[in-house]
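2 protein chains.
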Amino acid sequence: MAEPLFRRLALIGIGLIGSSIARVNRERGGLAAEIVATARTEKTRARVAELGIVDRIEADPVAAVAGADCVILCTPVGTFRALAEQIGPHLSQGAILSDVGSTKQSVIRDVTPHIPQGVHFVPGHPLAGTEYSGPDAGFASLFDGRFTLLTPLPETDPAAVERMAEFWRRCGSMVEVMDAGHHDRVLAIVSHLPHLIAFTICGTADDLADESRQQVLKYAASGFRDFTRIAASDPEMWRDVFLNNREALLEMLARFMEDAQAMARAVRWGDAAYIEDKIQRGRRIRKSLIELKQA
Amino acid sequence: MAEPLFRRLALIGIGLIGSSIARVNRERGGLAAEIVATARTEKTRARVAELGIVDRIEADPVAAVAGADCVILCTPVGTFRALAEQIGPHLSQGAILSDVGSTKQSVIRDVTPHIPQGVHFVPGHPLAGTEYSGPDAGFASLFDGRFTLLTPLPETDPAAVERMAEFWRRCGSMVEVMDAGHHDRVLAIVSHLPHLIAFTICGTADDLADESRQQVLKYAASGFRDFTRIAASDPEMWRDVFLNNREALLEMLARFMEDAQAMARAVRWGDAAYIEDKIQRGRRIRKSLIELKQA
Numbered sequence: 016m017a018e019p020l021f022r023r024l025a026l027i028g029i030g031l032i033g034s035s036i037a038r039v040n041r042e043r044g045g046l047a048a049e050i051v052a053t054a055r056t057e058k059t060r061a062r063v064a065e066l067g068i069v070d071r072i073e074a075d076p077v078a079a080v081a082g083a084d085c086v087i088l089c090t091p092v093g094t095f096r097a098l099a100e101q102i103g104p105h106l107s108q109g110a111i112l113s114d115v116g117s118t119k120q121s122v123i124r125d126v127t128p129h130i131p132q133g134v135h136f137v138p139g140h141p142l143a144g145t146e147y148s149g150p151d152a153g154f155a156s157l158f159d160g161r162f163t164l165l166t167p168l169p170e171t172d173p174a175a176v177e178r179m180a181e182f183w184r185r186c187g188s189m190v191e192v193m194d195a196g197h198h199d200r201v202l203a204i205v206s207h208l209p210h211l212i213a214f215t216i217c218g219t220a221d222d223l224a225d226e227s228r229q230q231v232l233k234y235a236a237s238g239f240r241d242f243t244r245i246a247a248s249d250p251e252m253w254r255d256v257f258l259n260n261r262e263a264l265l266e267m268l269a270r271f272m273e274d275a276q277a278m279a280r281a282v283r284w285g286d287a288a289y290i291e292d293k294i295q296r297g298r299r300i301r302k303s304l305i306e307l308k309q310a
Numbered sequence: 016m017a018e019p020l021f022r023r024l025a026l027i028g029i030g031l032i033g034s035s036i037a038r039v040n041r042e043r044g045g046l047a048a049e050i051v052a053t054a055r056t057e058k059t060r061a062r063v064a065e066l067g068i069v070d071r072i073e074a075d076p077v078a079a080v081a082g083a084d085c086v087i088l089c090t091p092v093g094t095f096r097a098l099a100e101q102i103g104p105h106l107s108q109g110a111i112l113s114d115v116g117s118t119k120q121s122v123i124r125d126v127t128p129h130i131p132q133g134v135h136f137v138p139g140h141p142l143a144g145t146e147y148s149g150p151d152a153g154f155a156s157l158f159d160g161r162f163t164l165l166t167p168l169p170e171t172d173p174a175a176v177e178r179m180a181e182f183w184r185r186c187g188s189m190v191e192v193m194d195a196g197h198h199d200r201v202l203a204i205v206s207h208l209p210h211l212i213a214f215t216i217c218g219t220a221d222d223l224a225d226e227s228r229q230q231v232l233k234y235a236a237s238g239f240r241d242f243t244r245i246a247a248s249d250p251e252m253w254r255d256v257f258l259n260n261r262e263a264l265l266e267m268l269a270r271f272m273e274d275a276q277a278m279a280r281a282v283r284w285g286d287a288a289y290i291e292d293k294i295q296r297g298r299r300i301r302k303s304l305i306e307l308k309q310a
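As given, the protein sequences belong to chains X and P, one line each in that order.
16 is the number of the first residue of the first sequence in this note's numbering; add one for each residue after it.
16 is the number of the first residue of the second sequence in this note's numbering; add one for each residue after it.
Away from chain P, derived, C-beta distances all over 12 Å, residues of chain X:
| # | residue |
| --- | --- |
| 1 | Arg55 |
| 2 | Glu65 |
| 3 | Ala81 |
| 4 | Glu100 |
Here are the simulated lysine to any residue pairs, SDA-like style, with alpha carbons at most 20 Å apart:
| # | chain 1 | residue 1 | chain 2 | residue 2 |
| --- | --- | --- | --- | --- |
| 5 | X | Lys302 | X | Asp292 |
| 6 | P | Lys302 | X | Leu232 |
| 7 | X | Lys302 | P | Pro250 |
| 8 | P | Lys302 | P | Glu291 |
| 9 | X | Lys233 | P | Asp194 |
| 10 | P | Lys302 | X | Ala236 |
| 11 | X | Lys302 | P | Lys233 |
| 12 | P | Lys58 | P | Ser148 |
| 13 | X | Lys233 | P | Asp159 |
| 14 | X | Lys302 | P | Glu146 |
| 15 | P | Lys58 | P | Ala74 |
| 16 | X | Lys302 | P | Asp249 |
| 17 | X | Lys302 | P | Leu232 |
| 18 | X | Lys58 | X | Asp151 |
| 19 | X | Lys302 | P | Leu223 |
| 20 | P | Lys302 | X | Arg244 |
| 21 | X | Lys233 | P | Glu191 |
| 22 | P | Lys302 | X | Asp249 |
| 23 | X | Lys302 | P | Ala224 |
Derived list of chain P stretches under chain X, where covered just means 3 residues or more per stretch with a C-beta under 8 Å from a C-beta of chain X:
| # | segment |
| --- | --- |
| 24 | 216 to 227 |
| 25 | 232 to 245 |
| 26 | 256 to 264 |
| 27 | 272 to 282 |
| 28 | 291 to 298 |
Rather than coming from a laboratory, the hints here were simulated on the basis of the structure.
C-beta atoms are modelled at their ideal positions from N, C-alpha and C, and glycine is treated no differently.
Chain X extracted, bound-state conformation (with noise of 0.2 Å):
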């Protein structure tokens, strides 16, 4: 096994990602010598104490960073203006500040204020995830053959950013590096805008008079139901990653809108050829998709 990357790593926020990341150390290792992680609540502590996945578990992120050579925020990116305010100041000298969060500009703009001189900030986003939220939820492999973006600044030390691609090498993911902008315009419409359609759907059918809302959930498998999976995800994270995407997600949701009225009116008016032309294209996407064997 190869030596820790870090001495002590801070997890703060232990859910869906904070658990995995402590997973692979301990099923793996070669991330860190020591875990320390924060939970909010003292069931959650008391929770992840007993599951015995990390080796500290803190209520106060200052004790949690305390020491640490490698803090990764891995809480929902609405929290993270207060807590980089907070642990801010208390961050070692050489340490290296990351994150999780699936925006990145809103994370460049409420963090960058209170890093210190002589930390490093390496904005990083997994994509991997599943419909399930907690520290029960995570899993070693959550990472496995998944994608992790960072996005440094220019002035971001490259030494950095290459510890943190190796840490989440490490965790089985494929790096690959960005820019924060293209970064949010790209996950605005292979992630945000999906769930934001998924969430809306479910709200639809749930405005349903009562009847027709129980034979909705009756027959769902006919196609429904593959949009509630992706809708069963993390209220608070979504929450926050709508409005800390906002202008990239307005401008895809306006566009998928425009294409939604267009289908409408081939509907309407029976435009047989506008509408195979549509259904034509999501096949040759999903064509595209297994032959990249993303599908």
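Got chain X; can you put chain P on it based on the hints?
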């Protein structure tokens, strides 16, 4: 094994559904002593013969229905009017005519005028399918544990309805009888709208600039992928479904668009409570599905 329900079953069209019915009969028996199927192209007919899943394969629907005591239309619903007109005069006295179309009011509208006295019309819809199509895509367990909805007219002979109910039970289905209008409204939300949305978002992604489109495919696992699966379904079939359940589909799409607009507004104005409430509702629906064992 039970005595076959029918002497000669004619399957008009032998794609995913038709070939699955044929395979049920081959592997489990009980449906028909003989199955005749039709396919439009020489290539498909050769393939079906090679698969050996039916007793006879015909190009001409009229030849296929001769002497059949059950005829099931298994082609896209847009073909039903012309087919009914063509085969109507050749249906045997006392025979049952049924179908597997995803819309039921349009089928009743298109088929009923062409059914001679003494032939029993029992519209049906097995809620089963995959994203694959064609005679190679079928399999005998496709209908196991899935609902099949029958939407007979008030004047339909109850004995004919019961025979088709037994037919589908022997295919492994749970059978429910309902009004055609109710069927079309329920299917609009559980199936037709999710498919329309999935095709649309694939088109939206396909319209992105080249570089972004490549990245959508690369990072599709983040949510987009779940939409492409249902967008891979048969184009002709879905084109016909959209055009033949227009009223209900446009009504559900309009509701969805209003809800999506409200979500966009909440994102724009930072209405965290509204967004979180919608997400919570999505989760509740998912939870209901899990409790109903439909997830």
